[in-house]
Structure formats: C-alpha cells, structure tokens
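These protein sequence lines map, in sequence, to chains A and B. Note that the first sequence covers residues 1 to 130 in the working numbering. Note that the second sequence covers residues 1001 to 1348 in the working numbering.
A few of these clues could be false.
[As the list claims (entries may be wrong)] DEER-style ranges, computed between Cβ atoms:
(1) 96/A <-> 1347/B: 25 to 35 Å
(2) 1222/B <-> 71/A: 56 to 66 Å
(3) 1198/B <-> 35/A: 56 to 66 Å
(4) 1252/B <-> 98/A: 49 to 59 Å
(5) 94/A <-> 1030/B: 30 to 40 Å
(6) 94/A <-> 1346/B: 15 to 25 Å
(7) 81/A <-> 1085/B: 28 to 38 Å
Hints were generated in silico from the structure; no laboratory data involved. All C-beta atoms, glycine included, are put in the ideal place defined by N, C-alpha and C.
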Amino acid sequence: MVVRSWRHIKERYCLIGSRCKTCGRIFFPSRNICPYCRRRGELEEYKLSGRGKVYTYSVVHVPPKEFERMVPYVIAIVELEEGPRITAQIDCKPEEVYIGMPVEVVFRRIKEDGEDGIIHYGYKFKPVNY
Amino acid sequence: MKVGIVGYGSYIPKYRIKVEEIARVWGKDPEPIKKSLMVYEKSVPGPDEDTATISVEAGKNALKRADIDPRDIGALYIGSESHPYAVKPTSTIVAEALGITPDLTCADLEFACKAGTAGIQICMGLVGSGMVKYGMAIGADTAQGAPGDALEYTAAAGGACYIIGSKKKEIIGEINGTYSFTTDTPDFWRREGRPYPKHGGRFTGEPAYFRHVISAAKGLMERMGTTPRDYDYCVFHQPNGKFYIRVAKYLGFKEEQYRDGLLTPYLGNTYSGAVPLGLSNILDRGKEGDRILAVSYGSGAGSDAFDITLTERIEEVKDRAPKTMDLLNRKEYIDYSIYLKYRQGIKM
Chain A
1 MVVRSWRHIK ERYCLIGSRC KTCGRIFFPS RNICPYCRRR GELEEYKLSG RGKVYTYSVV
61 HVPPKEFERM VPYVIAIVEL EEGPRITAQI DCKPEEVYIG MPVEVVFRRI KEDGEDGIIH
121 YGYKFKPVNY
Chain B
1001 MKVGIVGYGS YIPKYRIKVE EIARVWGKDP EPIKKSLMVY EKSVPGPDED TATISVEAGK
1061 NALKRADIDP RDIGALYIGS ESHPYAVKPT STIVAEALGI TPDLTCADLE FACKAGTAGI
1121 QICMGLVGSG MVKYGMAIGA DTAQGAPGDA LEYTAAAGGA CYIIGSKKKE IIGEINGTYS
1181 FTTDTPDFWR REGRPYPKHG GRFTGEPAYF RHVISAAKGL MERMGTTPRD YDYCVFHQPN
1241 GKFYIRVAKY LGFKEEQYRD GLLTPYLGNT YSGAVPLGLS NILDRGKEGD RILAVSYGSG
1301 AGSDAFDITL TERIEEVKDR APKTMDLLNR KEYIDYSIYL KYRQGIKM
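Whole structure, please, built from the sequences with the hints as guidance.
Here it is in structure tokens:
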C-alpha cells in the first residue's frame, strides 16, 4: 500500500493531471497516451484549478471500515472547471449538497493503514465560500 | 538585509464544542470555568483533519496573498506538538501538497506552543543570509487534553502560515527585530508514547508563562528602544483569555492594542497556531505604518518576541484569501459524543 499510495502523490495532493498539447484536452487521472490523438498526441503535466461543481452525488450510510467515523457522508462526481469529472467526498451535511453546487478542493486525510501504518492524504471538496 | 512577511494565511476547522457541553459530561458547573479561563468554546478538527491538512490549507492561503511561485520557497518549517507521525516529517507532506518540492530544506519543529514562531526566526536567518529566497513557517496544532483535565476545555485546533522574504516591494510587514527568552522550566510536558500531556497546574503561571512572556516583551522593547505606546497592536500567547489580558495589562498595553490579537475565548488554545493566528487577525485589520509587538510562549520554556511594521502592500494582499475572523465565525457545534468520535476517543 505504501508504494501504491506514493505513486499517486502528485495527483492526490496537487490535482496534477495531463494535457494533450495537440488537441488541448485535459485528463485526470493523467494518461500516457491521448485517446483522441493517439500517436500524434503529446502529453504534459497539467495542474487543475480545484474548482468545479457537483455533477451528481450519493449519500453513504453503510461505509467501508476506514470511513465509519464519517457516516453519513457525501460522495460526489465533481465536474472540474477544466472538464474532467472526478469522484470525491464533499465536506458538507447530506442535506446541504445539490447537483450543480459550486465546490473547491481541500487537502484532507483520506484513510490510514491501521494505527501503525501510513496515513493516506488526498483531495476532498467543500462548498465554495464555506 | 531587511526581512519581512511577504504572505500570510490561516485555517481553522469548522467544528466547535462549548465549555457547557464538556462541563456537563464531567458534572462540573460551566460558569466558574468560563469565568476563570475566559474561554467559551473551542475548535475541534474533523475526523479527516490533522496538523498536516491544517498546514496545507493555511499555506495555500499564504501563497494566494504572497502571489509567488511556490518553487521559489527554499525552506519550510512546521511547528507543532501534534505532528501526525512520531517519526516521519509533516513538512514533506505539506511541501509536496503546496508544490514546493523538491528544491528545499525542511524539518518539523516542536517547542510546545512556540514552535511556529521559532520557524519564523529560522526563516528570517536563512532569508537574511541569502541562503534561500523565501522561507515558509507554519504553526499548527490539533491539541488534545486528557479527558476531564482542565486542558480539555481549551485544547483546540488551527494554524497559520507566514512566508518570509527580503524583496522590499513584496514585504507586507517588515520585521524590525526579534528576541527570545529561554530557560529550562518544566511546566507542561508529554512523555514518549503517552497520549496526553501533563502540566504543573499553577506552576504554569508565574514562573512559566508570565516570566517568559514578560521577559521577552521587555527584552525586545529594550533592544528596540520602544515602549508599549509605540505599538498599535500587540499579541501574546493565549492558553486562555485570562493569562493574555493579565500579561497585556501588566506590560502597560491598552484594550485597543490587545483586543484584536485575542481569539482564544471563541477558538480555544491552538498551541503552536495561537500567536500566528492572533497575528493574522491583526494583519487582516492593520494598515500601513501600524506597528505590532507579538510574543509567543512555549512551555518548557521560552518566548519569541517580534517587532513588526506594516507596509502599504498590506492593503493589496489582505483580501486575496479568507480572513481569520471569517474562518472563526464559520462554525458547526458538536456534542461531546461526536467530539470523542472525531478525536479517536472511541475504540473501534
């Protein structure tokens, strides 16, 4: 788990995806090949703004073990300003979330590998201006 | 070389618990507690927040105000007594998340409640000597008091970040001088492997907090040739509201000078975050030419004092990120059971 988590630090900590220099499309998580331009595509690192809106959401009442302290919590697909849609937890009460709600990225603990393991950090979102 | 603050930012978790709620659980009358501590509620970190996440949020706000390339930051120090790991730096997590890696030096600092201001002094040295272009110092904590202990009413969470630089046109607050007063005074400690700190009760007062804060404040004013009348604002470490006001009055400061630096009554004691957060509220309100005396205190024990003069650039940057008072007023109250659940007080 340590190495798997470490490999994703850039995208999970800083929302760094990739952008195809040929067609301008932005991908998150990052890709090695542009699925539109194929061989003509050239990908570069691209930092996403972290601003977007809730595309759709669900409220979790029966969580995986690591998330028991957070129940009930909101998991949403967030459509970022730049286009990509990503799944993330929204830091708000279930009754506050709505489709189209403007959100911005925050840095949070996601889970930990038990009491003596690694702590995994990454992105969540919160309502803008809150 | 003149050095100063080129950016600052703060962060306070949204959850709050009232003194009444903690007192209810332990069968205490809340009124004497509120009166003796001058603390009415405190911030509580969410279950997904810790010193690293608070530091990142404060750091992001400081970068928005400084408007510099994070890769130009050559040093990062995080002062806290609640680092998420016993061994493994918080500062590397924060540096990575703020986009500062890999060309920097960083380390975690611990000096009870004054490690954040110690970080500012280290950055002043590195920037002043030309070793780095900018230094970032963060004071943040998610402090815990043992259940039922007096500290439980005040131990809170929050932090603030300061970016130190030397370019005259970028400085928002010139640091005119700093002075520290340090002795071995064991008034508060936590041994390795123990979950909660212990303290010397009333011993934390006269020989510890008051002696060090007063000596550092007087020591700096002597060196600067100033008196309390020369300052528009002052801020001191604030384990509770009572100690803060007593030390401010003893030194000869008036309410209009010490009022804006005091956040503890509705925030609690954010330990390493306390003076950095109080100072950030002053910067949010200050104007060009305002002079500030800031004195931290860390048990064990030591105080760092700073003399700061704001420049015209303060007006330009203060609205670029959320203000400390806005973060303090953004709140959601929780009861003691939720507080225990969030603070890992319930074994699962």
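Now for the hints, and whether the structure bears them out:
1. 96/A <-> 1347/B: 25 to 35 Å: holds (31 Å)
2. 1222/B <-> 71/A: 56 to 66 Å: holds (57 Å)
3. 1198/B <-> 35/A: 56 to 66 Å: holds (60 Å)
4. 1252/B <-> 98/A: 49 to 59 Å: holds (54 Å)
5. 94/A <-> 1030/B: 30 to 40 Å: For residue 1030/B against residue 94/A, whose Cβ atoms are near 31 Å apart, the range 30 to 40 Å holds.
6. 94/A <-> 1346/B: 15 to 25 Å: holds (22 Å)
7. 81/A <-> 1085/B: 28 to 38 Å: holds (34 Å)
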